[in-house]
Amino acid sequence: MTAEAPPVVAVDKSQDSAPRSGVRAWLSRHPLAAYSIRRLGLYLVELWGALTITFFFFRLMPGDPIQTLIQTLQQNYIYNAQASAELIARYQQEFGLTGNLFSQYLKYMEKLVLHGDMGPSLINYPTPAQTVILRSLPWTIGLLGLSAVLAWILGVVIGAIAGWRRGKLGSRIATNLSIALSHVPYFFVALILVYIFAYSMGMLPARSAYDSRIDPGISLAFIGSVLKYGLLPGLSIVLIGTFSWILSTRMLMVPILGEDYLVYAEAKGLKGWRILTRYALRNCYLPQITAFGISLGFIFNGNVLVEQLFNYPGLGTTLVTAIQQLDFNTILGVTNIAIFSVLTAVLLLDLLLPLLDPRVKYWK
Amino acid sequence: MRLLTAVLRTIRNSRRLASGLAILAVMVLLALFSPLIVKLIGGGKDPIEVAAYEKWLVPGPGHVLGTDQFGRDVLAMVVKALSVSLQIGAIAGVISTVVGVIVAFVAGYKGGWIDGILSTFTGILLVIPTFPLLIALSAYAKNVSLFQVGVMISIFSWPFAAKTIRSQVLSLRTRPYVDLARVSKARDLEIIVTELLPNLLPFIGVGFASSALGAIFGLVGLEVIGLGPGGVIDLGQIIFNAITTGALTLGAWPMFVVPIVLLTLLFAALNMVNIGLEEVYNPRLRGVAGE
Numbered sequence: 001m002t003a004e005a006p007p008v009v010a011v012d013k014s015q016d017s018a019p020r021s022g023v024r025a026w027l028s029r030h031p032l033a034a035y036s037i038r039r040l041g042l043y044l045v046e047l048w049g050a051l052t053i054t055f056f057f058f059r060l061m062p063g064d065p066i067q068t069l070i071q072t073l074q075q076n077y078i079y080n081a082q083a084s085a086e087l088i089a090r091y092q093q094e095f096g097l098t099g100n101l102f103s104q105y106l107k108y109m110e111k112l113v114l115h116g117d118m119g120p121s122l123i124n125y126p127t128p129a130q131t132v133i134l135r136s137l138p139w140t141i142g143l144l145g146l147s148a149v150l151a152w153i154l155g156v157v158i159g160a161i162a163g164w165r166r167g168k169l170g171s172r173i174a175t176n177l178s179i180a181l182s183h184v185p186y187f188f189v190a191l192i193l194v195y196i197f198a199y200s201m202g203m204l205p206a207r208s209a210y211d212s213r214i215d216p217g218i219s220l221a222f223i224g225s226v227l228k229y230g231l232l233p234g235l236s237i238v239l240i241g242t243f244s245w246i247l248s249t250r251m252l253m254v255p256i257l258g259e260d261y262l263v264y265a266e267a268k269g270l271k272g273w274r275i276l277t278r279y280a281l282r283n284c285y286l287p288q289i290t291a292f293g294i295s296l297g298f299i300f301n302g303n304v305l306v307e308q309l310f311n312y313p314g315l316g317t318t319l320v321t322a323i324q325q326l327d328f329n330t331i332l333g334v335t336n337i338a339i340f341s342v343l344t345a346v347l348l349l350d351l352l353l354p355l356l357d358p359r360v361k362y363w364k
Numbered sequence: 001m002r003l004l005t006a007v008l009r010t011i012r013n014s015r016r017l018a019s020g021l022a023i024l025a026v027m028v029l030l031a032l033f034s035p036l037i038v039k040l041i042g043g044g045k046d047p048i049e050v051a052a053y054e055k056w057l058v059p060g061p062g063h064v065l066g067t068d069q070f071g072r073d074v075l076a077m078v079v080k081a082l083s084v085s086l087q088i089g090a091i092a093g094v095i096s097t098v099v100g101v102i103v104a105f106v107a108g109y110k111g112g113w114i115d116g117i118l119s120t121f122t123g124i125l126l127v128i129p130t131f132p133l134l135i136a137l138s139a140y141a142k143n144v145s146l147f148q149v150g151v152m153i154s155i156f157s158w159p160f161a162a163k164t165i166r167s168q169v170l171s172l173r174t175r176p177y178v179d180l181a182r183v184s185k186a187r188d189l190e191i192i193v194t195e196l197l198p199n200l201l202p203f204i205g206v207g208f209a210s211s212a213l214g215a216i217f218g219l220v221g222l223e224v225i226g227l228g229p230g231g232v233i234d235l236g237q238i239i240f241n242a243i244t245t246g247a248l249t250l251g252a253w254p255m256f257v258v259p260i261v262l263l264t265l266l267f268a269a270l271n272m273v274n275i276g277l278e279e280v281y282n283p284r285l286r287g288v289a290g291e
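So the sequences go chain by chain: A and B. Heads up: the first sequence at position 250 corresponds to 250 in the UniProt record's numbering, and the numbers run straight through without jumps. Heads up: the second sequence at position 120 corresponds to 120 in the UniProt record's numbering, and the numbers run straight through without jumps.
Hint data in this document are derived by calculation from the structure and do not stem from the laboratory. Small disclaimer: the values here were computed from a predicted structure and weren't measured. Please note that the accuracy of each hint is not assured.
[As the list claims (entries may be wrong)] According to the in silico footprint, chain B covers these stretches of chain A (three or more CB under 8 Å from chain B):
{"id": "1", "stretch": "39-53"}
{"id": "2", "stretch": "146-157"}
{"id": "3", "stretch": "169-183"}
{"id": "4", "stretch": "316-324"}
For every residue, glycine included, the Cβ atom is placed at its ideal position computed from N, Cα and C.
Take the sequences, apply the hints, and build the full model.
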């Protein structure tokens, strides 16, 4: 994953003319503020666009969730007779399926933006979708967040060393392994790990997130169990993630090595390790922070399968169950959360990076 | 002819590109001859037919990789599945590369508000997690064909190609030779086809390789949760069968290890081609990724 170039904001042509009063003049005197406002505007446009596309995508899918629900209820003998028209109308009202598509859209956006309400979940009716999602979110954040950060740190450190000592045997092994494995789905590693550690050796559990005999709560036994059950899925994400970060860090590192200031640092008699950490690494980890924000979304993509394999009660499993049951509100909720977190992470990084790195300038 | 020698020289100069292409070539050959190989394994009867042999045979002289829960020969299945996986990669790779190239050229060459709208749209599509949408699409579209799945996957994979190619178009269109062509009153389309396109071929190749990679993984992902096109066996479906039928507990390791090894090899080869091409056409990167 390479660092995405930040959007270059066009220079405001009115800057050249004589200073005027009002907002424009203030903005031209405060480039950072002007940049932040533009960046925020782009963020809002992107967020709105992505939420809108997913809404219409799922609404235009064929399939009637209400009919499906009523059929299920009938099959389970909860209703013996045909469902009354009144009941269907009631459900359609509840799920925001009345009126034409556009008014449904407006109602959905209004509820989502103003009240943070994603509507009721179909599979867990009448529990709201956001409650269902919030229940599984900690598992995904814990598993995914921890392993993604761990993979990033390992990848950047190993990648930097591999670049620094390029040509050496260890570095070449690390590089070639990364080239071979950086695009392999997490899921494959997970499957192999499960086979070795869970089925062949019987050392680690293969399913669920914690031992069901232990009551969830803040106790040593429970935390230990969560760690034990999370080890295999976490390890598979860390392994592949590390390889892809090694590759991209190394690609950022090697061109820097020829720079004059590194030669100068060496001429000053600084130790190799100090040059690496103080001079060279600094130029790699900042772009990699941005790349990390962007990669969050792709980690989510791969993670669905890993959670599915381990029957881990996270967002991915919730999503797959919701899709199988045509639970529109929950599906939309999960994708919306993924979109929101990626865009917000990238926005925050774009706003913070100028403070961390004086060379980053998006304004003039 | 000159083009061919140039291509051959490039391949010879990059060990990484050469080995990636070699692995790919072997796989494509295997896929092309898969009907023949399958017939050979069966020795007269169809080894993929249900109950062709006994169930759950361990790997042995008769069946190198054993048989599955329906008594099908795993080796024959894997060979056939490889060709399906390669097909989906080719279909989705071609579609998304073509769409990506068109969008990239319109955006990068025209510039202005067209570029603004197209780039923002591409950016938005890039942040939408595609896997949920893909699951949804295939869950509702039951009994889809392989080609239709390819189209579905391409809907979400063209933005990557468009983004990389656009940035190259932007840097190329201000080059002196393009200006020269413009001064000599060449039409836009002519400039694009004769001046820009040939110089962008490596980046288009990179875009194709990444899209194909994404598509193969996309289909494997769908199969693994049990939502693939009907009636075809691809490598993902063999893995799915291994999980759901308990091959892991039964010790029938070839059923999931062989597809995973093959796919990993395929990913590695495509990645090597990717990095090799980037190195060849961006000399500043040469030696950056290895050697």
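Status of the hints after comparison with the structure:
no.: 1; hint: 39-53; in the structure: holds (count 6)
no.: 2; hint: 146-157; in the structure: violated (count 0)
no.: 3; hint: 169-183; in the structure: holds (count 8)
no.: 4; hint: 316-324; in the structure: holds (count 4)
This entry does not satisfy hint 2, going by the numbered hints stated previously; all others are met.
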